[in-house]
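Residue numbers (the working numbering), protein chains in the order written: chain A, 1 to 235; chain B, 1 to 321.
Among these hints, one or two may not hold up.
Stated by the list, open to error - Lysine to any residue pairs mimicking SDA-like chemistry, simulated, CA-CA at most 25 angstroms apart: (1) 111(A) <-> 186(B); (2) 111(A) <-> 187(B); (3) 111(A) <-> 121(A).
These aren't lab readings, by the way, just hints derived from the structure by calculation.
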Amino acid sequence: MSDILTISELDCFYGEVQVLHGLNLTLAKGEVLCLLGRNGAGKTTTLKAIMGLVPVAAGSIRLGDRELTGLPAHEIPKTGIAYVPQGRRLFAEMTVAENIEIGLMTRGKGKAVREAVLDLFPVLRERLKQRSGTLSGGEQQQLAMARALCVEPQVLLLDEPTEGLMPSMIQKIRETVAQLRGRGVSTILVEQRVDAVLSVADRVAFIENGRNRETMPVEALRADPSAVRRYVGVG
Amino acid sequence: MKGEASALKAYGLHVAVIGLLFALSFVLPPYHHGLVARIMVLATFAMGYNLLFGYVGLLSLGHAMFFAAGLYGAGLSVYHLGWSVPLAFAGGIGCGAVLALVIGLLALRTSGVAFMIVTMMFAQVFYLTILYFARWTGGDQGLVVPQGSRVMYLGGASFDLTNPAVRYRVALALFAIVLAVVLVLVRSGFGRVLVAIRENEERTKMLGFDTFANKLAAVIVSGTICAAAGAAYALLFGYVGSSFASVQYSILPLLWVLLGGAATALGPLVGTLAMYYVTDIASSYTSAWLLIVGVMLIVGVLFFPKGVLGTIRQRWLRWLP
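Turn these sequences into a full structure, and let the hints guide you.
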């Protein structure tokens with residue numbers, strides 16, 4: 001598989017504090033790459049750096065042949081990268097339909113994309129007129145993903161999408177990620193739940209102190225889960 | 001279908017309000033005739049303010065400068081340059097639009113409390129500039145626009161803006177046009193993006209919207225509407241004064257919008273109408289009328305935390321724009 005996203009020697013700082021130290025990652029087309037690591041390891045910062053929300057001090061982020069570092073944050077989604085942040089961050093006062101409309105406007109997508117997205121999350125179709133702030137946690141997560149998918153992304157960044165959800169919703173999120181893989185969407189998934197990682201990921205990258213310590217296929221991790229203990233401290 | 005029905009109800013309500021205001025022009029006694037005309041112009045000012053405060057969530061304490069830019073732009077060009085009414089009106093709007101562009105470019109580098117302070121400072125500079133150039137602006141005394149120059153010639157017909165009936169209808173026309181513009185804007189994609197910025201600016205950026213450009217566009221539209229109200233005020237009521245550039249006139253539209261309902265299209269009218277009439281009635285009974293207005297605002301906040309129309313929309317009429 002050819003790499004669609006390549007991160008090379010990435011350095012990022014929060015003020016004086018260096019958070020990413022020469023981070024390297026690759027993401028292949030249609031692949032689900034999971035970032036695992038302890039709190040504060042730099043997983044979310046990696047996603048924010050890709051989205052241009054954290055300034056990149058050194059290194060490169062390339063989508064295909066296009067360099068993304070230096071682009072303003074609002075230009076990144078137009079390249080075909082969508083981000084679902086931790087905590088969903090919906091427009092709570094807007095209805096479900098309006099949240100989706102905003103997503104469609106980014107790249108001028110129309111009714112067909114809207115219908116495709118709603119087919120993926122049928123529960124949202126029943127809630128179109130409801131204010132998004134009044135949805136359940138699982139429905140909000142589905143709406144956040146639906147809104148991100150409105151740009152028909154090549155790369156989807158998901159930051160802890162199963163956090164705080166009940167098992168049936170977690171299963172729904174996993175199924176959706178698998179479905180998207182089938183459609184050729186590449187996904188970087190930040191997860192704390194090792195079972196979720198094992199069920200959907202193709203590869204796993206262990207992030208520690210802002211560095212990619214080890215990347216392995218998920219089969220290798222299944223066969224030898226000691227890396228989880230080593231880098232995450234559980235398992 | 002439900003969405004279309006809501007849109008129809010919303011447009012129907014606004015058309016009915018315009019119709020009611022038009023009908024009132026035939027029945028109101030002279031004093032109230034003049035007062036309602038003034039309220040419609042000031043409600044237009046409040047609608048401009050509401051676009052930025054209600055829909056984008058940017059609290060400006062300097063909008064008096066946009067109103068005054070229109071007021072002085074139109075008034076001085078008639079007074080000193082002898083421009084015709086339509087030209088002076090366009091000149092006033094142009095002054096407000098250019099000022100809004102410059103202020104927007106500078107003030108939007110800040111946010112939150114800093115934005116509030118920066119806009120207030122710019123407005124104070126504008127106010128002091130008016131006082132400094134008293135030779136041309138009339139300073140704190142202001143200027144009276146000559147009656148003879150307040151006649152508008154359009155398509156062979158003349159409209160004397162000093163005539164109460166003409167004045168009322170011109171004020172109503174301005175109010176109706178701006179209301180229609182605001183309604184179209186807030187229901188458009190641009191309006192959705194503005195609300196998205198208010199809800200979560202970073203998230204809006206992450207979705208691919210240039211939030212600075214959208215906020216700047218909102219400041220320009222808002223400033224231009226306020227300037228249009230100012231220009232109309234100068235030409236309809238014939239007075240150009242520095243008090244309209246003072247901080248009081250930056251706070252008043254905020255109060256009108258809060259009382260009527262921020263981010264509602266008709267809220268500014270309701271708020272301006274309520275404040276004006278309570279002030280008018282209270283001041284005819286007591287010199288402590290500010291106390292009564294203060295009590296009204298407190299009661300308003302307690303029972304209508306989102307303003308009159310904002311609360312009505314939240315509780316009963318979800319379709320209200």
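Consistency of the hints with the structure:
Proximity of residue 111(A) to residue 186(B) is assessed by CA-CA distance (about 21 angstroms); at most 25 angstroms being required, the pair is judged to hold. Proximity of residue 111(A) to residue 187(B) is assessed by CA-CA distance (about 18 angstroms); at most 25 angstroms being required, the pair is judged to hold. With a CA separation close to 15 angstroms, the supplied pair residue 111(A) and residue 121(A) stays within the 25 angstroms bound.
This entry satisfies every hint, going by the numbered hints stated previously.
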